[in-house]
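Asks: This is what each chain is made of:
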Amino acid sequence: MSSTEQGTSSAAPAEPTTAPESAAAPEVPESFYYVHGKDKVVHKVSAGALQHSALIHGMISNLGYTEEQAKANPFPFENIDGDILQMVVDWCNQHKGKPTPPEDTNLPKQKEKLFDLVLAVNYLEIKELLTYCCKQVAMMVKGKSPEEIREIWMIPTDAEDEAAEKEAKKRAGKEAAGETAAAAGDAK
Amino acid sequence: MIITEMPEPVLDKIIEFSDFKAVLTLRQVCRDFLNFIDDLNDSKLPDSKLLTFGIRSDYTENNVIVCFMGPDDSFYRFVYSEVEKSRSFNGKTTNLKDEDIVDVAIRDLERILKFQKSTFQWSCFNIHQLFRRPKFPNLEVKLSNMFRKLNRKIKTEILDIMAYSQVGFMSILPFVDPETLKRLRLFSMNKTVRIEMNEIAETEQWKNAKSIYCYFYALKVTVDDICHFSNVFIKMLYISARVLDFLRETITSCSNIDFSRFKFEIPNENEEMSNLWGHAFITAYLGFTNYSCLTLRQVSRDLRNFIDDLKDSKLPDSEFSTIEMGKDDISIRLTFQYPDYSQHQFVYSEIENSRSFNGKTTNLEDEYIVDVAIRDLEHILKFQKSTLRWTYFDIVDPNLQVKLSNMLTKLNRKIKTEILDIKSGSLSGFMSILPFADPETLESLKLFSLNEDVRIEMDEVVKTEQWRNAESIYCNFYALNMKIEDIYHFSTVFMKMRHISARDLDILKKVPNTKIEL
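Listed in order, the protein sequences are those of chains F and D. The first sequence lines up with residues 1 to 188 when you count with full-length UniProt numbering. The second sequence lines up with residues 1 to 518 when you count with full-length UniProt numbering.
To be clear, the hints were calculated from the coordinates, so they are not data collected in a lab. Be aware that a few hints might be false.
With a cut-off of at most 20 Å between alpha-carbon atoms, the simulated EDC-like pairs for lysine to aspartate or glutamate come out as follows [unchecked claim]:
#  : chain 1 : residue 1 : chain 2 : residue 2
1  : D       : Lys117    : D       : Glu84
2  : F       : Lys144    : D       : Glu16
3  : F       : Lys96     : F       : Glu125
4  : D       : Lys44     : F       : Asp83
5  : F       : Lys127    : D       : Asp32
6  : D       : Lys92     : F       : Asp83
7  : F       : Lys142    : D       : Glu157
8  : F       : Lys127    : F       : Asp116
9  : D       : Lys385    : D       : Glu367
10 : D       : Lys21     : F       : Glu147
11 : F       : Lys144    : D       : Asp47
12 : D       : Lys21     : F       : Glu148
13 : F       : Lys135    : D       : Asp19
14 : F       : Lys144    : D       : Asp72
15 : F       : Lys144    : D       : Asp32
16 : F       : Lys142    : D       : Asp486
17 : F       : Lys142    : D       : Asp47
18 : F       : Lys38     : F       : Asp83
19 : F       : Lys135    : D       : Glu8
20 : D       : Lys92     : F       : Glu147
Residues from chain F that face chain D, not an exhaustive set, calculated with beta carbons under 7 Å [claimed, not checked]:
#  : residue
21 : Tyr34
22 : Lys38
23 : Lys109
24 : Lys113
25 : Phe115
26 : Val118
27 : Asn122
28 : Val137
29 : Ala138
30 : Pro146
31 : Ile149
32 : Trp153
33 : Ile155
34 : Asp158
Backbone N, C-alpha and C fix where the C-beta goes; we use that ideal spot for every residue, glycine too.
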């Protein structure tokens, strides 16, 4: 009995809140912007969704683009893979104008994808999504030993790291020597 | 992409979402993580939420041991071995090569303490060093230096420190947060050690704590230093009249002081000390064992006044099971027995005018032995709260009767005893004691005369509440002025009467199990 009453009472105030939005929508048409990643695939995103990204929000707030200008000048994010940018755009659209939930379980489970997403989100300054991602990264290694963590995150041991560094230096040295030899040969 | 190459804000956030254990594990993953975590500001580290912490130097094994307990009862124990030059933790032993184990232990401790934001329930520092052969000579100093560098007070509710000197205690105490400290407990290797406390008592930590426990002789502590504590256990070599005054005032003004936990203890050699150091040189610590305060009375005038001025209710129960007072031509004897049959006996000699107790004889100079014996009995009765099993007064001497009666009137308290035996030649003798026995507890009353042919009028005795409430009566003399109604309530009666009426005899004959000798 009481649950139905509660249900109706909670539904009732929801209507007036949505009504002004829908009423206001025709007066100020929602503006859209365009972004693309490394794969040059252009995504159309509403300004409301883009508000999650402090970086893009800062960029568009000073531009005053018309729809045509925006379409003609998509924001290029060459450092972000196409699929990662797609994930970001999807997340922004899903959470447009909504309070973010305490947890997000739809993040990639694969380490590479998650790390790329972290970098993209950090770059785009999407605070809430960065929090979810970092939490997920931390959870990946909870209760694990240092060896297991190295394996999960693919971190070389210090010895391997040093060996790799030495190798790299050696190679660089050889290449440099090769170049100077070649240059000397040329000079001759 | 390697995680360690992530931008700093990202790594900060990952650390923020990791727990304390995970961050310590991350340190071990690689050098980059180690450097990053060690360079992090403490505020960015997750709270380790540890409950207890302890550091101990173990001389027999040449180890330094650091322990922590986590909120989920997880227990962390690091053992740093001087012999093996190693650190053991979680079943894993690491060789420390040329590193000083104390340095490593303190560095590890520092690292862990950096994570602790919540308050420890209990912290324990047991790092005292024997001066002559310190195994880890710099442990205290290095620990102090670490705390100074940490630049943050250790928040703990209970703090235990074991040290040999004030310096030892002071190497830790100032680094503890005075706001959170509730109980301070200071220990030394044995309880006879004497440690000056003046600097300790000056610290904010001491002043803010609610409870203090010192398991050694605290020197240079005044009553002002301890009066703010709600719970005190402190041992002092010397107790001044001022301290006693303060204690008396506190005890008499506070109704809720648990006096059974207030104790003075006097070592056996107190007399010797008294002779050496003056009359007020004693050991006193809180907690009061029943009989010791009687001994305490003898130590100094201040203590005597202190104890005698206390309300009886503040005194501990002496818990005697029997009290016996006897007098013959040459002496008075006062004997007190505990339920375990151990006993104390005072012998007052008429000839030598002395009191002997516990192998020690005191000359009473110009005092009368009767006065001294009665005064001593009064003191002891003041302590007796539980019911005596048996009380015996041999008071044939009229002088003793009068003085005893006066004392009992002054004492203003009934003697609680189950069995009361009075030996006296007269009614006044019985009446000098009987009205002072508690009628509620009295079960059996035995009245004796010097010989069995004596005739004593009983009319006053039978009117007493004590007589009427007792269940058993024994009289070894001829009781005069008695009626059958006076003995009818007893379940056991032994009485001798000169005359018995036919009516009384008839009544008695009707009572089963009655033996009448004519």
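Asks: Could you check the structure against the hints above and give me the numbers of any it violates, in ascending order?
Replies: 1, 4, 5, 6, 7, 9, 16, 21, 22, 23, 24
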